[in-house]
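Asks: Numbering (UniProt numbering), first residue to last: 1 to 148.
FYI, nobody ran anything at the bench for these hints, they're computed from the structure.
It is possible that some hints are incorrect.
Derived Cβ-Cβ restraints for the label pairs, each shown as a range [as the list claims (entries may be wrong)]: (1) GLN125 / GLN45: 39 to 45 Å; (2) VAL78 / ARG126: 23 to 29 Å; (3) CYS62 / ASP135: 20 to 26 Å; (4) ASN60 / GLU95: 18 to 24 Å.
By construction, the Cβ of each residue, glycine as well, lies at the ideal position given by its N, Cα and C atoms.
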Amino acid sequence: MGYRSNQDWFEVLYRTRASYQCNHRHRWESSWSMILFLVRLDAKQGFGRVRMKRFGQRCNLCKDDDEYHLGFWSPDEVWFTVQRLLLHILLRCYEKRPDCDSIMKQYIIPINEVPQGRSDSGPHQRHCCEACANDRCQETFNKLTKKK
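Go ahead and model the full structure; you've got the sequences and the hints to work with.
Replies: Here is the structure:
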């Protein structure tokens, strides 16, 4: 099994849709639910680690809300998020390419089969977004996903 020896962590920032509910039972949906994965492959030990940070959102209706609430993902969103993470791990740590690696095709769904259901349900409210407060939202996401 060939893999690159990399002792450093690398980041995978992923955007998905989630439903939220605050402590006062207000509900909302957002297509800017951000998840940060930190990934590290330890070639000497023969295994890797993945850490995940789910960013929350504050309720826009509760003016005194200083708590970030974590979103609820649908099972489909979880599935596609894990698929994208696995793709990044295979590309970065094992130098696999989905277009020419037959083993990879067994584990990863093609990118064109991932639903694009990310239509915004209104403008992104940066003042309510924990990812924005940590510089991990729109600007960072757009830089990482910009086509070259």
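Asks: Now tell me, hint by hint, if it's right for this structure.
Replies: Verification of the supplied hints:
| no. | hint | result |
| --- | --- | --- |
| 1 | GLN125 / GLN45: 39 to 45 Å | holds (43 Å) |
| 2 | VAL78 / ARG126: 23 to 29 Å | holds (26 Å) |
| 3 | CYS62 / ASP135: 20 to 26 Å | holds (24 Å) |
| 4 | ASN60 / GLU95: 18 to 24 Å | violated (44 Å) |
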